[in-house]
Amino acid sequence: MTNEKKMVWTKKDIIGLEYLSKEEIEHILYTASSFKEVTTRQIKKVPALRGKTVVNLFYEPSTRTRISFELAAKRLSADVINVAVEASSVRKGETLIDTGKNIEALKIDIIVVRHDCSGAPNILARSVKASVVNAGDGWHEHPTQALLDIFTLKSKLGRIQGLNVSIIGDIAHSRVARSNMWGLTKLGANVTVCAPKILIPEGIEKMGVKVTNDIDEAIRGADAINVLRMQLERDAAGVFPSKVDFFKQYGISEERLKKCKKDIVVMHPGPINRGVEMSSGVADGQNSVILEQVTNGIAVRMAVLYLAAHAKRQ
Amino acid sequence: MGSLSGWQYYIWQLTQRGSKKESMKYLIKNGRVIDPANKIDDILDMLISEGKVQRIEKGLPEGGCEIIDAKNLIISPGLVDMHAHLREPGREDEETVLTGTRAAIKGGFTSVACMPNTEPPLDNPAIVRSLNEIIEKNALANVFVVGAITEGRAGKRPTDFHKLKREHIVAVSDDGSSVEDDLVILEALRQAKEEGLLVIEHCEDTKISANGVMNQGFVATKLGLRGIPAGSEYERVKRNIELAKKESSAIHIAHVSAKESVELIRKAKKSGIKVTAETAPHYFSLTEECCASYDTNTKMNPPLRTKEDIEAIKMGLKDGTINCIATDHAPHTDNEKDVEFDFAPFGIIGLETCLSLSAMELVEKKIMSWSDLIIKMSVNPSKILGIKRGTLKKGAVADIAIIDPNKEYTYTKDSIESKSKNSPFINWVLKGKAVSVFVGGRLVMKDQELCS
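Chains as they are written, first to last, in the numbering used here: chain A, 1 to 314; chain B, 1001 to 1452.
No lab work stands behind these hints: they were computed from the structure. From the three backbone atoms N, C-alpha and C, an ideal C-beta is built for every residue, glycine too. Possibly wrong hints are sitting among the right ones.
BS3-like, lysine-lysine: derived pairs with alpha carbons at most 27 angstroms apart [claimed, not checked]: (1) Lys129/A - Lys1337/B; (2) Lys1269/B - Lys197/A; (3) Lys129/A - Lys1421/B; (4) Lys1269/B - Lys1337/B; (5) Lys262/A - Lys312/A; (6) Lys1269/B - Lys101/A; (7) Lys1413/B - Lys129/A; (8) Lys210/A - Lys261/A; (9) Lys1207/B - Lys197/A; (10) Lys101/A - Lys1029/B; (11) Lys1393/B - Lys1029/B; (12) Lys262/A - Lys156/A.
The following label-pair restraints were derived from C-beta to C-beta distances [said to hold, decoys possible]: (13) Gly208/A - Ser1248/B: 47 to 55 angstroms; (14) Asp1414/B - Trp9/A: 52 to 60 angstroms; (15) Arg159/A - Ala1210/B: 41 to 49 angstroms; (16) Ile198/A - Asn1072/B: 39 to 47 angstroms; (17) Tyr19/A - Gly1196/B: 54 to 62 angstroms; (18) Ile1367/B - Gln249/A: 45 to 53 angstroms; (19) Ile81/A - Ala1126/B: 41 to 49 angstroms; (20) Ala1210/B - Gln249/A: 57 to 65 angstroms; (21) Tyr1409/B - Ile81/A: 21 to 29 angstroms; (22) Lys1156/B - Ile81/A: 45 to 53 angstroms.
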C-alpha cells in the first residue's frame, strides 16, 4: 500500500464501488492505511476535519456502522450529529430531498446516510451540495463495508489481484455482497458467490462473478470467504431455508473449514447469527478476522470522510 | 348587448366564438395528404368548412378562405390516443380535462380516450355524466370516456355497462389494475359484447409482480431494486386471450411491453381470436438501463424492459400484431415523483412526445412509413374504439393534424402543456411534430401556438 501515486480526488460523494475506478478504490485504501496508524497512537485524533460537521442521517436502525462513522469523524476532529428516523420529522411527511436541504441549510459538510430504499443516497447526492457518503442503501451498496473488507483482506494477504474470494449467503438481499463484488472484481480478484438458488438474484453473473449453489465448490481453493448474515427479517414470504437447514447446507463449521486452505481468511460483516452462517468455533477461531474488520472500519471511514470533504469539485 | 345581464352576455360571447370559428373556411394548400383509410397519399389541397372536410383536390380556388400553407408538411387525420389519464375528477393537481387536452393538441391528438382510475373512479352513470359535462365545457380535443369494469375498480362486481353506455362510454377497463378473477372478466366480456363495448385489460398478475418497481433482471439486481418479471404481464395476456376465445368476444390488451406478450397476441390473431393490442412509445424507445440513475421518471407499469423486448415490440408493430400506439399519459406532480424510487408512483406523461418518438424510432429507422404510423395512431384506434374518426374523406369531421416531419426541437420542461412534468424525455432533441391542428373544423393550434 506504499508507493501510491498522489491522486487528485474529485468525487464529492461516495455512493458505491460501482461508481469508483480501480485507482480511486486503491487511493481510498492507501489513505486508510495512513489513518490506521493514527488509530494506534496514544492520542487517536488528527485535525484533518476540524471545523467540519458530519451528520449521520439514519433511516434504518444501525449500531455498528453508525458508531464506526461517528468515531471516524470524531478522530478527524469533525463535529458529529446523529439523526435517527424516530427522533426526526422524517416519517411525518418530510421528503428525503427536503430533509437533505434542511440539513444543508445548517451548513453541514458531509451527510452520511443509511436508508432502507435502494438509490436514496443517489437521489440525495444530486439534490444537495454537501458531500453524501452511503452507509448502506436497501439491497444496493454498502461501500465502506466492502472497502473495510478489502482493506482487511489486503493487509492479511498483501494483495487482492488474483485472490480467490467466495461470498457466501444471502446474496439477493445483500448490499455488502454487491459492493464487495464491484470492489473485488475491479481489483482483480476471482469472485465466487454461493447461496441456495432462492437467494441468488437474476443476472448476478453479469457482474463478473462465478455462481454456485455448492458450498464445497465455493470454499475449495478459496483464499478468503466473506460470509453474509442471513437476513431473516426479509423473509416475508417464508421461503428461505430454515436456520438449521441453512447451517447444514451452507454454514461454515469447523469440519467444513478443514477442507479449505489452511490459512484461509474468514470474514463476516456482522452481526453474526452464530450457528446459522457459521459456528462459534469458526467465528472465534484463528482464521477469523471479524474483529479486525471492525477495527479497520474506522480507518477506512476516516479515509472516506476525509477524501469526500476535500474533494476538488469540478 | 345592453339588455343582457352578465352571465347571459358571457354565454352569448361563447356561442358567438364557437359559431364564428366553425363558420370559418380554411384552405390547407400543397400539403401531403396521408389518409390511409381511403388509400390517399398525395400532394393535395383541402377545403374545410362547417366542421367538415368539404373538398380534397389539386389546385382548389383560394377565395374567401383562410389559407394554411402546408408545403413540405403532412396532413393527417387527427391522432387518436386510446389510453390516457386525464385525472379529472379528483386529481386536478396532476391534470385536468383542460390541461390534458391542451397537451393532446400540442402532440397532434384530436381525440383522447380517458381511463376511469380517477377519484372517485368512473364506475357509475352519474360520475360519467358529470365528467362529460366538464369535457363539454373545457375540452379542446374530443374526449371519449372509458368506464370501469368493476365497482370501485376493485375487481369484484361488474359495473352496469348498459347504463354507462347510455352516458356514451366507448370502452370499459379497470386500467391501473387487472381484473384478477376469471369469472368477473368472463362476465365483463359477455356483457360488453351485448352492449357493443370494448374491454381493455391492463395485464398484470400481481401475484407475480408483487411489490416490484422495475423490470426483473441484471439491472434490477445491480440497483438492488425489486423486479417485476415479464411473466406478470404475459401470463395475464395468456389468460385474457383464452377467455376471449371462450366467450368469442373481443379484448384489447393495453400497453404491451414484453416480447412474450407480442408472440402470444400474434398467435392468437392467427388463430382468429378477436384480440387487439397497443403499446406506448417508451416501450420501444427506452430500456431498463434508464433506471440506473434512480430517476423516478423511468418508473412505470409495466416497466421498461430490454433491447430484445424493444425489437419484439417494433416487429409486432410492423407486422400488425400490435394495432395501435397509445400514450398511457399518466401525469404525476413533482412532489409525488421527487422521492425514493420505491415510493414514487408509476407512470409518465406522453401526449406531447408520442408522435415525435414514434416518428424517430419507427419512421426514421425505416420500420414503417408515415402512412403506417398514421394507421397506428389514428385509423386503428378509431376503429377499435368504434368512433367515427381516423379518416379525411369528404364529409368527415375535420379533425386534422398538420405534421412537420422534419421539425427538430428540444423538449424542455418549460414547454410542457400538461400540468405535470414527469417525463424521462425532458431535454431530448426530438424530430417530427404537429404544427397545426383542427378539431371539428376549428383551428385549435396554428404554427405550434395553441389558439386559446
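Hints and how they fare:
1. Lys129/A - Lys1337/B: Distance ~21 angstroms between Lys129/A and Lys1337/B Cα, so the pair holds.
2. Lys1269/B - Lys197/A: 38 angstroms, violated
3. Lys129/A - Lys1421/B: Holds: Lys129/A and Lys1421/B sit about 24 angstroms apart, inside 27 angstroms.
4. Lys1269/B - Lys1337/B: 38 angstroms, violated
5. Lys262/A - Lys312/A: Between Lys262/A and Lys312/A the Cα gap is close to 45 angstroms, so the pair fails against 27 angstroms, i.e. violated.
6. Lys1269/B - Lys101/A: 54 angstroms, violated
7. Lys1413/B - Lys129/A: 23 angstroms, holds
8. Lys210/A - Lys261/A: 19 angstroms, holds
9. Lys1207/B - Lys197/A: 20 angstroms, holds
10. Lys101/A - Lys1029/B: 56 angstroms, violated
11. Lys1393/B - Lys1029/B: 16 angstroms, holds
12. Lys262/A - Lys156/A: Status holds; Cα separation ~14 angstroms.
13. Gly208/A - Ser1248/B: 47 to 55 angstroms: 53 angstroms, holds
14. Asp1414/B - Trp9/A: 52 to 60 angstroms: At roughly 37 angstroms between Cβ atoms, Trp9/A and Asp1414/B fall outside 52 to 60 angstroms, so the hint is violated.
15. Arg159/A - Ala1210/B: 41 to 49 angstroms: 43 angstroms, holds
16. Ile198/A - Asn1072/B: 39 to 47 angstroms: 60 angstroms, violated
17. Tyr19/A - Gly1196/B: 54 to 62 angstroms: 56 angstroms, holds
18. Ile1367/B - Gln249/A: 45 to 53 angstroms: Roughly 51 angstroms apart at Cβ, these two residues keep to the hinted range, so it holds.
19. Ile81/A - Ala1126/B: 41 to 49 angstroms: Violated, at about 55 angstroms.
20. Ala1210/B - Gln249/A: 57 to 65 angstroms: 26 angstroms, violated
21. Tyr1409/B - Ile81/A: 21 to 29 angstroms: Because 48 angstroms falls outside the window, the suggested range is violated.
22. Lys1156/B - Ile81/A: 45 to 53 angstroms: Roughly 51 angstroms apart at Cβ, these two residues keep to the hinted range, so it holds.
This entry does not satisfy hints 2, 4, 5, 6, 10, 14, 16, 19, 20 and 21, going by the numbered hints stated previously.
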